[in-house]
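Protein chains: 2
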Amino acid sequence: MRSKQIYDYIITNIERGEWGAHDKLPSIRSLAVELNVNRLTVFKAYQLLKQHEKVYVKEKSGYYVCPDCAGTAADAVYHTPNGVSALQVTSQLSDIHRIAVEYQFSQAIIDPNLLPNLFLSDYVKKVFDIYPKLMGNYSTPQGDEELRDLLCQYFKRSNRVELNNGEIVITTGAQQAIDLLSRILIRPLDAVLVERPTYSAAIDILRGQGARLIPVEFTPEGYDLEAIERLMKQHRPRMFYMNPTFHNPTGYILPASQRKQLVELAERYRCVLVEDDAFHDMYFHERPPQPLFMYDTDGWVVYLRSFSKYVAPGLRICAVFARKSMIEPLIAAKSLADNGTPLVTQKIFLHYFQSERMQQHLKKLRTALQIRRDVMEEELSAASIDWQWTTPQGGLNIWLRLPNHISASMLLQESLQHSLSFVPGHICDPNNGYQSWVRLSYSLMNEIQIREGMRQLTQLAQQLATRFDFPSYQRK
Amino acid sequence: MRSKQIYDYIITNIERGEWGAHDKLPSIRSLAVELNVNRLTVFKAYQLLKQHEKVYVKEKSGYYVCPDCAGTAADAVYHTPNGVSALQVTSQLSDIHRIAVEYQFSQAIIDPNLLPNLFLSDYVKKVFDIYPKLMGNYSTPQGDEELRDLLCQYFKRSNRVELNNGEIVITTGAQQAIDLLSRILIRPLDAVLVERPTYSAAIDILRGQGARLIPVEFTPEGYDLEAIERLMKQHRPRMFYMNPTFHNPTGYILPASQRKQLVELAERYRCVLVEDDAFHDMYFHERPPQPLFMYDTDGWVVYLRSFSKYVAPGLRICAVFARKSMIEPLIAAKSLADNGTPLVTQKIFLHYFQSERMQQHLKKLRTALQIRRDVMEEELSAASIDWQWTTPQGGLNIWLRLPNHISASMLLQESLQHSLSFVPGHICDPNNGYQSWVRLSYSLMNEIQIREGMRQLTQLAQQLATRFDFPSYQRK
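Just so you know, the sequences run in chain order E and G. The first sequence begins at 1 in the UniProt record's numbering and counts up by one. The second sequence begins at 1 in the UniProt record's numbering and counts up by one.
Chain E with its partners taken away, still in its complex shape (with noise of 0.2 Å):
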């Protein structure tokens, strides 16, 4: 043991407030006998502690806590009510997200209105005349067989490329893959890659494994990939968590031209690529480019294939491709997490996922969300403010900058009293910028919904930006 794990454990203990200000620490000799360690160890700590000022010593006594340090980092601390310390733990969209509203602009998910309902019942009906104990059953931690080698031939026919079954982790949701990768790659200070906006759960989530955040900014033209390049040779990124197919919250997409060259960049400087990919199939005119890990050969890039957004949410499904190398400790994360994502909610996916009505499903399912995309856009142009946007070409998500001196901030909690809800900017930003910006979901309300809702927050929207009566930055 080392003694600065042991500085890291007096630390963590006197920020818990398990030792307060002039507290006395335990003595070198019984704290070594409590580590099971050398004397000298603890010793070289407490002299540490002492030279960070952290303790200070009295003459054939002891150490004691000073008091600048007792207690100084409650916000890496909770402490509830019952005295129970535990880690705070953020989740800035899921908070959100709690808020019940009548306008649900903030999540993206697809309304149950457009899924095959009736359909997928029977499905479920059916699928359980085929595996009458499948109640019974656990999954491997990897994920069931069938499902894998089901993924291998889809993607072999869609993307020409060749995978085997071990390749393949299926867990549950996206996020949770997001979750186990960063607590497999990332140790605290670890540079890490993000979009500029990105998905504010991954930002949550790769924060709380204490990870440094190097914006990568994300246009309509795709990244700056000298700009990239100069942030791999100066940060050495373990990792990039990038969402290049119709971006969440932007809706861009990562052009063909610099997809193969991304995967170059990763190889040359080893920065494992995440490519998160939940919204490939959800394009409104044409396919969307190739996916990046379609072009790599040596294993740095990992692929996310969620399909909870527009199969099934309920199953929650989202399938991991990695080379073996990666495959592996994955698969001892994912044992560890849950032991398995549940085997019937793979077995209904595979079966519906296969089935014809599948695909008749989803053409009509772009189709249904392209009108919704249409209809939030055609009441935000008929807005007389001077809001900004990106026409997005797939996804779920419109990204819209309001006019500068609206806080989006401001917005939402008058919003919110409206029974109105969107996903402010800034929490999708690592620097805590875009505070003028907003995202919204055409997803999830219907056709009326969307132009009341669009009425609504027009007119919210107006009387802030009267409140503060800048009418120069009104639309002439």
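Everything labelled a hint here was simulated from the structure, so no lab data went into it. Take every hint as true, because none was put in to throw you off.
Since the list can't tell identical chains apart, any single copy or any two copies may satisfy a pair.
Within a straight-line C-alpha distance of at most 30 Å, the following computed DSSO-like cross-link-like pairs (lysine-lysine) qualify: (1) Lys364 / Lys125; (2) Lys44 / Lys58; (3) Lys233 / Lys44; (4) Lys233 / Lys24; (5) Lys126 / Lys364; (6) Lys324 / Lys233; (7) Lys44 / Lys60; (8) Lys233 / Lys60; (9) Lys133 / Lys364; (10) Lys363 / Lys133; (11) Lys233 / Lys50; (12) Lys363 / Lys125; (13) Lys156 / Lys260; (14) Lys260 / Lys363; (15) Lys58 / Lys233; (16) Lys44 / Lys24.
On the provided structure of chain E, position chain G as indicated by the hints.
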């Protein structure tokens, strides 16, 4: 940022091989820019690295990695063939389970033939009639409200305990609950009490979080409460992970008389009791004592009630009961981990669980398991080997002591070659002891398989005993 965080970061990267022996570290100036900290902070970290002989200094040149330090911690880091280093995550139990064998005594799961399969399938169909849009909906991270309501009513009826639906979180199996709790409660070097022996996956999870495991002996008479008080006083453990009812792997029951006292101790020493109670309803003769949770008034017990084992393993439903103060961080952790257990499995569970048929199933299941236990004991008794065990009054396992000179690992090696597996005792022990103990699960194999398997095991044990020729250990 603290210099010791920078110290850790450098050590991690030396261990990963990012910097090898005699490689030059970044200059103080460049690292200070990189990490956005004061140069003095980096200087302090480098001084400490030098002091600990991790790096050496070349005059007017910089800091270089000491050859002794480089690559020393290969055990903590996993180098994958393509050069990506991923943290090694250990899951010993799941490694054993991954081996397909004919006689499977290592997995403590219920034989799917003992579940009312046809009824279950019919049930699922009914559920989809009730909720035709089920597949299109997500659960909240906390879990389905209807299910949480039902569980409150159930515990009110069965245990006369008042709960509200805000005091429950639904997780995907008990293992996820253990993982989430250790993530919010445990920091490196924290002391955690665990029974000896205990559930091997819990050892892996807690160790993965950096906990120091302090074993508590569990005997057929229960714990030694005075010893526990001494341990709590001395080590100030953050948590006691326990499985007091039909304990895994031993089958022991903590007597009712000790339960209330233990809760009082937990309160006095501010130690969270994590009570894993997966086998509560699987008793053979009489109901086990009330859970410790029922004695808790002040929020020191977190109660994990998995229904995965016997209601429907395919669903993987576990309910975590805790006071509000612990629930909040738990929901946040669950949000980040997977954003909620699939709604489909929660709704199916809910309707099955409250059915008449469920109670009938449980009754039959108890009888069937008891018969299997009897058959296993019969065969073990008939063998001319001096192995010993305590008859379990519930649960799924027999905890068997081999004659001392037979190593469970060697027996397992032999057994796997004859397509038979079990859990060797040492992986259930944080101290890596119990080298001559094995856990035999009687829940998955049928009576014929149990008879054949036990005869096979007897033969292999006898051969091992003969090979090492310690006739005195054999039964007279």
